[in-house]
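Novice: Work the whole structure out from these sequences, hints included.
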Amino acid sequence: MRRFGKRASASWVDEVPVDVSEKDGIRSLHLGSDAIQSSMRVRDPVELVLAYSRCMLAFLLFREEPERAVVVGLGGGSLPKFFYHHMPSCSIAAIELHPQVVAVARSMFFLPPDDERLSVQIGDGAQAIASMEEVSSVIVLDAYGPAGIATALSTEDFFSCCRDKLESNGVLLVNLWGSDPKFTTYVDRISNSFEGRVLCLPARQKGNVVVLAFKSGQGSPAWSRLTDRARELEKKYPLEFSEFVSDLARMNPHNDRRLLI
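Going by the numbering used here, the sequence shown wraps up at 261, each residue one higher than the last.
Any given hint could be a false lead.
[Stated by the list, open to error] In the DSS-like style, the derived pairs of lysine-lysine whose C-alpha atoms are separated by at most 30 Å in a straight line are:
| hint | residue 1 | residue 2 |
| --- | --- | --- |
| 1 | K206 | K182 |
| 2 | K182 | K215 |
| 3 | K206 | K235 |
| 4 | K235 | K215 |
| 5 | K165 | K182 |
| 6 | K206 | K236 |
| 7 | K236 | K215 |
| 8 | K165 | K215 |
| 9 | K23 | K206 |
| 10 | K165 | K236 |
By construction, these hints were calculated from the structure, which means they are not laboratory data.
Specialist: So this is what it looks like as structure tokens:
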């Protein structure tokens, strides 16, 4: 495992050493522990290796490709790379607190350099969202560190700020650990900010749960409509959208005809 330099950061964590490991052609990023923060298949750097990162794309079951995506928490850059390579009309802004993470994402995980479509900002995610002047189609919150989610990125006020920075049919995507003692608290806060327009999608690997929070109502789509949409998406993207549809029934209100959202 290769370790990159420590650097003092925000008050919620004193030091974040960045480690990179590689096994069986999979390169992984670790922040101060053995827990994997991001993984990449070296021979296919754009593939979404981790199940939870693929679940993030489930929002496409409900809306078209985004024009603008904001990602808080860079890691190895898996989601920005996927947006960049598979959605040529989408502009991507990534916000990362730790400069050393950005350096490793670029040197070890093939994150492209900034250009007219991709920009990486080093700074506090909550402050960056609050200062956004342009609304976003999608906001992705993937900011777990060694100590969990920073307080500033997990308050009801912050989730409400995210809602206000979304376009009318925008979506907030939040990666949570199902085993986190605060899991229910976080989901409740998101639900309060988005007036109950929230879905939970459990990843089939590990214990991650992706929360999808919608700025506008979804009209309780029929399962048949979601299934048809999943088939269309699977022709375009290398992702298991049909499984996402099935797994939405595991944690969300529904009947035999509709997903109730």
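Novice: Determine for every hint whether it applies to the structure shown.
Specialist: Consistency of the hints with the structure:
1. Note on K206 and K182: the hinted pairing holds, with a Cα-Cα distance of about 17 Å set against a maximum of 30 Å.
2. A hinted pair counts as satisfied when its Cα atoms are at most 30 Å apart, and K182 with K215 qualifies at roughly 23 Å.
3. A hinted pair counts as satisfied when its Cα atoms are at most 30 Å apart, and K206 with K235 qualifies at roughly 27 Å.
4. A distance of roughly 27 Å separates the Cα atoms of K235 and K215; the hinted pair therefore holds under the 30 Å criterion.
5. Distance check on the hinted pair: K165 and K182 sit about 25 Å apart at the alpha-carbon level, within 30 Å; holds.
6. For the given pair, K206 sits about 26 Å from K236 by alpha-carbon distance, which is consistent with the 30 Å threshold.
7. Pair hint K236 plus K215 holds up; C-alpha atoms about 26 Å apart against a cutoff of 30 Å.
8. The straight-line distance between the Cα atoms of K165 and K215 is roughly 10 Å, inside the 30 Å bound, and the hint therefore holds.
9. For a cut-off of 30 Å, the pair hint linking K23 to K206 stands: about 18 Å separates their Cα positions.
10. Of the supplied pair hints, the one linking K165 and K236 holds, its CA atoms being roughly 28 Å apart against a limit of 30 Å.
Taken one by one, the earlier hints all hold for this structure without exception.
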